[in-house]
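Student: Build the full structure now, drawing on both the sequences and the hints.
This is what each chain is made of:
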Amino acid sequence: MTDRAEIKAGRLAPAEYERNFVDVKPSLTPTAALVEASRCHFCYDAPCVAACPTGIDIPQFIAKISTNNVRGAAIEILKENIFGGACARVCPTEVLCEEVCVRMDQEAQPVQIGRLQRYATDFMMTEGGQPFKRGEPTKSKVAIVGAGPAGLSCAHRLSTLGHDVVVFDARSKAGGLNEYGIAAYKMPDNFAQKELAFILDIGGIELRTGQTLGRDVSLAELQEKYDAVFIAVGLGAARNLAVEGGDLKGVLPAVDYISDLRQSTNYQTLPVADKIVVVGGGNTAIDIAAQSKCLGAEHVTIAYRRGPDEMSATQHEQQFAQTNGVVIRHWVTPHEVIGKDGNVAAIELERTQLDENGNAVGTGEYERLDADIIFAAMGQVMMADALATRDDGILAMIEGRISVDETMQTSVAGIYAGGDCVKSGQDLTVQSVQDGKIAAASIDKFLRQ
Amino acid sequence: MADLRSNFVGIKSPNPFWLASAPPTDKAYNVVRAYEAGWGGVVWKTLGEDPPIANVSSRYGAVSYNNQQIAGLSNIELITDRPLQVNLDEIKQVKRDWPDRALVVSLMVPCEEDNWARILKRVEETEADGVELNFGCPHGMSERGMGAAVGQVPEYIEMVARWAKKHTRMPVVVKLTPNVTNILTPARAAKAGGADAVSLINTINSITQVDLDIMAPEPVVNGKGAHGGYCGPAVKPIALCMVGDISRDAECAGLPISGIGGVETWRDAAEFIALGSGPVQICTAAMHHGFRIVEDMIDGLSNWMDQKEYATINAWRGAAVPNYVNWGDLDMNYEIVARIDQDLCIKCGLCHIACEDTSHQAISRAQENGGQYEVIDEECVGCNLCMHVCPVVDCITMEQVQNGKPYTVWADDPRNPDNMKAAE
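Line by line, the protein sequences are chains A and B.
Position 307 of the first sequence, counted from 1, bears residue number 307 in this note's numbering, the numbering being contiguous throughout.
Adding 1000 to a residue's 1-based position in the second sequence gives its number in this note's numbering.
Calculated directly from the structure, the hints in this document are not laboratory data.
Just so it is clear, CB atoms sit at the ideal spot from N, CA and C, and this is done for glycine as well.
There's no promise every hint is true.
[As the list claims (entries may be wrong)] A short, non-exhaustive set of chain A residues, derived as facing chain B with CB atoms under 8 Å:
id, residue
1, E16
2, Y17
3, F21
4, L34
5, V35
6, S38
7, D45
8, V49
9, Q106
10, Q109
[Unchecked claim] Sample of chain A residues facing chain B (criterion: CB under 10 Å; computed from the structure):
id, residue
11, L28
12, T31
13, H41
14, Y44
15, A51
16, G55
17, S66
18, R103
19, D105
20, W331
21, F446
[Claimed, not checked] Which chain A residues stay away from chain B? Per the calculated CB distances, all over 12 Å, these:
id, residue
22, A46
23, C101
24, R215
25, Y226
26, Q263
Tutor: Written as C-alpha cells, this is what we have:
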C-alpha cells in the first residue's frame, strides 16, 4: 500500500489472526445435524424451495440427512446446485430459504437449512466420491468466458449433457468471486479450489486461465471456433469515489484489497491502516470492513447514504460487522476526501435524508472522519468494450449489463450470458449458478436443433 | 395435596408408583436408592433357584425415534444372577428399614408344586409384602419351560397360582405375558387359580433392529442375536388396551390389576389407573433417566388430582372403563369436521398432502394468498388424521356438527344390512 506509519502489517499476534479468520460458521457435528434435521416438518409445497433461486428440494435433502442417507442428501442438493458447498457458506439464507421457513411462524427460529446443506455437501467432498457422469458425447464444443459460479455451473451441466467445454478466465486461478471475492472467514481452507476440483472431476471441461476477453481472446473468435458461447465475466471495474479528492493516494477499490487478502497465505504480512472508512452498503462493504478489523485495524467505519433497511447487506451481515467492532454510519454521503502530503487524511461526509421522492439528498450538515485509507465499495460496473461480435456488432445491453431473455440468450443467436454480468435476479452466487444452469439447458437445446 | 396412598390387595404404599421387577430392583443398593428418591414400592427382580442363571452381553437393543433415545427397549437379560440367599437377606433387611414402602418379590421356578412351595416358604420369612409370579418373560427362561412358557398355557397359570395360594399367606399377583392371542384367557385362569391380582404387561417378543453390517438382530452377541422382550414408551398403547380389556371383562370383575408398560410420566400412570389399574409399575423410564423421575410423577399426579378435585385415587380409578366399549356400541350419528385456525396455521401443507394422498381429498390448497388450506366440509369424514399430522398445537381442531340425530349404534343403524332387509 504505502510506507506510511499508520499503515502497517503484523498488528496482531499470530494466534489472533488464526482466531479472527477461523471458519465463521463451522460444519455441524453428525449429532447436531440430526437434531436440526428433525426440526424440518417436511412441508408439502415447501416455501423454502420456492425461495431458493436454484430450486433445491430442501425438505427432501433434510429428510435424507435425518435417515443418515447423507450421500443422497448431497446429491439432492448438487443436482440442482453444483456449488451447493459454496452456497451453504455464502448464501444469505436469512433472506432466502430460512426467511420463509414455516418454523419462523411457529417459533421465529428457522431450520438451519444452510448449515444442513453444508453438512451434506462437506460429506460429499470428503468421502462421497464423484456422483456425476459425463453425458454421451455430442461432438459439440462450447466456449465459456468466466470461471466463476455462473460459468462453471454452466460448464458442469453441459458436460453432463455430453458437450465439450472450454472455460476461459482472465485470472490465474479459476473460481471467480469464490476464489477472489468472498470474505476469507466464510470460505477458509482453500475451499473454492477444492470445490473447483470436485466440479472439474466430471471431465470434459478444459480450463484456460490468464485469458482476458478482448485481449487474449475475442468474442468473434469464439463464435468462429465454438458451437455456442456463454459469457459469465461478472462485473469489472469498481465504481470510483467521484468526489473532490477521490483520486488521492489511499482511496482504494475494496474488491482489490479483498482479492489480495484472499490470495495471501500469511495475513501477518498484509498491511492494514489504523483508521479506515468504507463507503458503500453492500456485502463488499461489510466484508472489507470486518476483515480490516480482523487484520487489526483500530477504527473502521462504514459510511452509507441511506438507512439500515436499504443496505443490500442483510441485517445479519450488518450485525456481524458490528459485532466485530465496525461502526456503521447511516444517512451520510461522501462530500470530499481531504488529503495531507498527497495522502488521504480524512473524509468529509454530508448528512442525508429522504426527499419527497424517496431520494437520499444532502442536508447541508457536514462532519469529518479521520482516515488513513478509504475503501470504495459502491459496486462494480460492467465493462462492455470486449463484447464486440463477429459481425462487428455489439451485444445489446440493458441498465449497464448484457441483455438476455429468460433462456439466457443474448441479442445474438448462439451467445448466452449469465451471472453478475446480466441482471437476472439478485447479485448472488446462487443466482449465478441458476443462470448457468438455465443457459446450459438453452445451449443444449440450441445445439441439438 | 391429593392423597396418593395406595392399598393393593393389602399391600400398602405411599404412592402408586412402583418399580417393576427388572435390573433396577436387582439388589438392595438400587432399591434403597429408589426408596430414597420417593418410589412407593418395588417388585424385586425375579428370584429363581440356585445355582443362579448366567447372562450374556450385550443385553439390550433399543429403538430411537426422531433423535429421541429409547422409544422402545428390548432385553435378553434373564432373572437375577445372584444366589437366592443373598437376595433374601437383602430383601429382609430392606423391608425392615423401609416398612412404609411396598416390597413385592417376583418369582420363577420350574413348574413343580414342591419347587414353588419351597421358595414361597423362604420368601415369606423375609416379611416381604407379597409375591409376583413371573409367567411373562418371553426370552431365555421360556426356553427352559418357565416364564412365558407358563403364561401362554392357561391351565399352567391356574395350577401354579393355586399352588402359590396354597403354600403362602402372602398376596399372590400373577404377571401376564402379552404374547397371547387374547389376554382375557390367562387373566381368567389366574383368577380361577385364586390369584389375588394380575399385573401386566410383561415384555413383547421383539427384534428391535438388524445390524446391517453384521447382518444379525440386535443386541448382537458375538455375531448372533436372539429375540428379546420389548418394553418402553412404544408398548404403552398395547398395555393400556390389555389392562382395559381385563377391567371391563365380566368374568374378571373385581380382579385387581397392576398396570405395566411404557409408563414414563404421571399422565401415563393416570391413564392406566383410569382404565382400572392399581399401582403402576415402571422400569424403562427409570433405566433411561434414573430414579429422580418419580418426583414429577408424584407431583404431577397430585397437581392434576387437585385441579380435578379428586381427593383420593379411588375417587377416579377405573373412571374410563365404562367408556371403553366395543365398536358396535359407538354412536353412528356422531359427526365432526376439521377446523383450521388460519391465524395459527404455518402453511406447512402436511394436512393437505396427508388428506390428498392418503385420505379423503377434503383439504384444499388455495393457489393465491400464499396457499391457504381450507377444509371442504362435504368431503371431510372427521377422521382426525389432519389434526394428528399438524405440527402446531390447537391449529386443527375437530368440531361437532349439530345434526340433531340421536345416539344410534350399528345394530340399529339403517345402513346395517340386517336392518335394510328388515325394512324391505
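Student: What are the numbers of the hints that this structure violates, sorted from low to high?
Tutor: 1, 2, 3, 8, 10, 11, 15, 16, 20, 21, 22 and 23
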